[in-house]
Amino acid sequence: MNRADASRIALLAVGALAVLVLPFFITSPYYIHLITTIAIYSILVMGLDVVFGYTGEVSIGHAALWGIGAYTAGVFYIKLGLGLLPSLIAGPIIAGAFGALLALPALRVTGPYLAMVTLAFGTIVQILINEMDFLTNGARGIPLTKLLFIDLRNYTDWFPFFSMPIARMRELEYCVLVLAFLLLSILVINRILASRYGRAFEALRDSPIAADCMGVSVYRYKVLAFVISAVFAGLSGALFSYSEVYLAPNNFSFEKSIEFLLAVTLGGRKSRLGPIIGAIVVVYLPNLLADIELFRGAALTVAVIGVVAGVITAVRRTHSIRRMLVPVALCVGFYVFSIALDKITDYRAAIYGVMILFVVYYLPDGIVGFLKQMRAQVRSRTQQTSRPPLSELSVAEWTPRIEAVQTNKALLEVSQVLMQFGGLRALDQVDLTVQRGTIHGLIGPNGSGKSTFINVLTGIYQPTAGQVLFCGHSLEGLKSPAIALSGLARTFQNVQLFGELSLIDNVLVGLHHSYRSGLFAVAFRSPRSVREEAEAHARAMSLLHFVGLAESANEEARNLPYGKQRLLEIARALALDPQLLLLDEPAAGLTASDIVELVAIIGKIRDKGVSIILIEHHMDVVMGLSDTITVLDFGQKIAEGVPAEVRNNPRVIEAYLGGASASAL
Amino acid sequence: MDILAQLIVSGISVGMIYGAIAFGYQLTFSTSQTLNFGQGEALMLGALVGLTTVNFLIGQSIATPLAYLLMLPVVLAFGCVQGVVVEVLGVRQAIRTGSESGWIMATIALGIIFRNLAENIWGRDALKFPSPLTETALTIGPVHIQPMEIAITLGTLALALAVEVFNRKSIYGKAVVATSSDRDAAGLMGINTRLVITFSYALSSVSAALAGVLVAPVTLTGANMGAVLGLKAFAVAIIGGLSSGLGVFVGGMILGVAETLTGFYLSTGYKDVPGLVLLLIVLSVKPSGLFGKKGIKKV
Amino acid sequence: MLSVSNLHAGYGKVQVLHGLNLEVPRGSLVTLIGANGAGKTTTLRVLSGMIAPHSGSIHLSGTDITGWPSHAITRQGMAHSPEGRRVFPTLSVTDNLLLGGFPRLTGARARGDIDADLRRMFDLFPRLDERRQQLAGTLSGGEQQMLAMARALMLNPDVLLLDEPSMGLAPKLVEEVFATIARLKALKVTMLLVEQFAAAALEIADTGYVLENGRITVSGSASDLRDNPKVRAAYLGSAH
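Residue numbers (the working numbering), protein chains in the order written: chain A, 1 to 665; chain B, 1 to 299; chain C, 1 to 240.
The hints are simulated quantities; they were obtained by calculation from the structure and are not laboratory data.
There may be inaccurate statements among the hints.
[Stated by the list, open to error] Result set (DMTMM-like, lysine to aspartate or glutamate): computed pairs, CA atoms no more than 20 angstroms apart in a straight line:
1. C/230 <-> A/620
2. C/13 <-> A/555
3. B/271 <-> A/555
4. A/479 <-> A/413
5. A/343 <-> B/119
[Unchecked claim] Here are some chain A residues the structure puts well away from chain B; computed CB gaps all over 12 angstroms:
6. 110
7. 128
8. 161
9. 281
10. 295
11. 556
Just so it is clear, CB atoms sit at the ideal spot from N, CA and C, and this is done for glycine as well.
Isolated chain A, as found in the complex:
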């Protein structure tokens, strides 16, 4: 551990201590309770962010998971006579189990369907809480008693300020406990999201198909994300029950789920600070709404900020004035609305709704995202960020990890593969053999079945008939992730990068298979998980270096120029340590100089022992690189041979140029 790390840890420890001590200096019981509630909300919203921010799914069922945690505590208390500690263990576990249940439909659906599933789940749970009278007391709710952990009055000799009424002591201790759990949650969530798990979640959001083809099973990780999210919802719910000392079914309604969603979007997804800011807003908002003068003041502030921001952008001309007019008008309109109202509490839900609309359209990355953007703008203006140049020596040369095989048998043997879509035979009895260490070109006119062929090989389509042997094993019935892990990696015709991940994280997703340590090891930072992460990092850097992208390792993939994106996809595919690399039109959309670079890299990959299937329309590229070329037309193989043969094959010329008159050319 170096000194920078040590001082950072010390700083964090001091900060954490300060957070825990802070409540002692707040005398108002109202604010103590407010802080407790905000911390409880924050834990849940951070968990919701795992699903919403990282996997990109909208959950309208988190209030139900929260309720499950809370009612676990409540039922434990009134039915079993168990206290807080068992509830804090059981609450998250039971909620986590329900999270898994909730995510089951995710096997088949995403987006709006999954959102509806969560909504239905939330509604069912609320009905059950109401109706299962024998367990939950139904509409009467469950009363609990406030806890006292340590009687601090015994220590007033040493710490005089511990002398306080017992009611305050209860509030205070609970507040500190909740804050401790908040800090713990931040720590654990941070570590999980910084690990391969967090990368897997983002990968399946940005491109599910590429995630599957990197051996990261979309389904498994989506369920996992829901479970993690639900565990924190359950924890938060259990804490909430003893904070409120009374549970009522309508606490866990649809409206609460909306509050949570508002908190995560408003605060800013994909951060820890965002959910806390969001939680502060939604917890404090009802109080704000109860006080009309305060509300008008806040609305005025928003309006002023809106107008100032509008004027600034108008002057700088970053956005067209017309586009800025709407949000600015909304801000001002909000103020006018606040003046016109006299009973705002009645309009609470509508105000939440308006805020969500505003955030969705004008603050899509939330407050935290907005601040980050501002900071980046200011930075880029004052100084170009000077990242220290990577030392060439620190990056090891990349070599593929392929076991040497003493065999002359072909690497890939495809025989009589038929792929039928309705009446269309996209692939018609295709045979193809790829020898180890070669580049095998695959060409043919548009719609001749080349991409279908790749999709059959990588398990995206199941062939209607025929056999595929890879390294002597049949690929029949295997799903994309399993095929990827068996040593068959691919790139995509229309680039499928994980756009919001950095370059190095994209490659690290490809290295997902190299990790052994599990979720707990990551959360508690076991030595092995630390070592694995360091090794994977080094390997990812060597891969980026190999394709010439090491310099921009920390940039987001979506900001990369197109030609470089293609190279990054190749690096990511190579991270799987494949025996066979499938390149689907790697040169499409590239400039002439990009193509030169690409050709050199493909050549180097082959020289390192990785076999390649190359689909490409740039004939100079295919002809120059390939050892063998197969030509498809109408799903059938019409020619095969070395480049010179294929180029002069009359059937190939006819397929490309068409008609009997092709010979005239």
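Position chains B and C against the provided structure of chain A, taking the given hints into account.
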């Protein structure tokens, strides 16, 4: 046995309401692959606007059945406007930017706003909607049928039929079908597909509003009547297939009957559960719907 | 009739067209040929407004239509028979044709005699005549191609854009498609034909442009291009 027949008959009319809302989901989903998460609120607003209109007309000493008929065009026009508002504020920009969570969140938000406004205008309590038809049930064999239940069935079917005829016979209807099947190609035909999407939202809210005023006389009206209806209708839309087809009415009837049975044999408190469980099961097992077909995954 | 100057366009970050210049004179058949991925389809998509150009200008009959949405461009008189045919599978053949005339039926374009034009289409494409009430989705590939062309013609277009009408068709049907194009040419329909089958396209066209990597590399009268070795090189690569 007689009770069973009775429950089935009552279930059918409830099911037609689900069918009508689900039909609205289909209309927008087929043209734009988006749908209104606040569809239940469209129904609720339709019912409440209808209630106010009917009460006003009765106040002008117009007979209830006539007042009801005169109210229909008002409610349909209102539904039209409401649908356009949802599309313009909630969906349009999200379609342009291709943001899925954008339109989901935005239509949810609009739903909350509509519900809250309704609470403030009409109050939180359930209101009685004057029935245009006699409330004495007709007796057919062992089964009693409310005349209004027949009206519900006929009304929703008339709506579906009208839309179907429009789609088949009018060039504008064909333009809607063309937009549903291939938006880009429809644009090449000179069809303003953005307008078609706005139109489909208007029509979707119209069908919800009509369902609202049809169901209101047999149940009660109120700001909170829509939410669960909208959710269960989504289950029906999934069962019937979101892309198109009249399967939604079959799905609606299945759910309606299942619910009246649950309500009778178990407890009315649980009567919403079968629909929701059905939704979860169908989505986990066969999300393309019982009548839908599976598309080819494109890479 | 159609004139394109210095057109730059692409998808997102990918720039496909790098400064394209093209003229389609009234009544002539111009062909745009080139290998897969050269940018032919992209060119047509920009012309008909399916994607917006980054820069450059497009004029149709003297009107600047750069950046217009596709429905407006269509109403202005540009018909596009797109790649992959894109007929409306759940509608009948006749309905597909009527939709081709949508701007005429709805008053956005001079109406003329729709019924007479329908009859003309059935004369021109006798295979469609037999299948008037059949759903377009049940037609064979060749018939769908005929339908796509007929549908575009129903606009009474000033310019007809044809994107790879031969794609995915058996050789015999390809011949039939080209014969139809030749007939349209005789009827003085202004056409821009995108083709991968260069030989056949140059056979019937007046003028040809060869597109390579988003740039026009060779252009001239079709008969000159037929003997130009650069054309073949554009497809199969230059022999090293």
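20 angstroms limit on alpha-carbon distance, applied to hinted pair residue 230 of chain C and residue 620 of chain A: Distance of about 14 angstroms is within 20 angstroms: holds.
Pair hint outcome, residue 13 of chain C versus residue 555 of chain A [Cα-Cα no greater than 20 angstroms]: Since the Cα atoms of residue 13 of chain C and residue 555 of chain A sit roughly 16 angstroms apart, the hinted pair holds (cutoff 20 angstroms).
Pair hint residue 343 of chain A and residue 119 of chain B, alpha-carbon separation not exceeding 20 angstroms: Holds: residue 343 of chain A and residue 119 of chain B sit about 13 angstroms apart, inside 20 angstroms.
Given as non-interface: residue 556 of chain A, which should sit over 12 angstroms from chain B by C-beta: holds (18 angstroms)
Pair hint residue 479 of chain A and residue 413 of chain A, alpha-carbon separation not exceeding 20 angstroms: Distance ~18 angstroms between residue 479 of chain A and residue 413 of chain A Cα, so the pair holds.
Beyond 12 angstroms from every chain B Cβ - status for residue 281 of chain A: Residue 281 of chain A clear of chain B: closest Cβ-Cβ about 15 angstroms, beyond 12 angstroms.
12 angstroms cut-off, C-beta based - residue 128 of chain A kept clear of every residue in chain B: With a cut-off of 12 angstroms, residue 128 of chain A comes too close to chain B, as the shortest Cβ separation is near 8 angstroms.
Holds or violated: residue 271 of chain B to residue 555 of chain A, with C-alpha atoms at most 20 angstroms apart: Not OK: residue 271 of chain B and residue 555 of chain A at ~53 angstroms, beyond 20 angstroms, violated.
Chain B versus residue 161 of chain A - minimum CB to CB distance exceeding 12 angstroms, so not interface: holds (45 angstroms)
12 angstroms Cβ clearance of residue 295 of chain A from chain B: Non-interface label stands for residue 295 of chain A: nearest chain B Cβ at 16 angstroms, farther than 12 angstroms.
Chain B versus residue 110 of chain A - minimum CB to CB distance exceeding 12 angstroms, so not interface: violated (9 angstroms)
Violated hints for the displayed structure, listed by number in ascending order: 3, 6 and 7.
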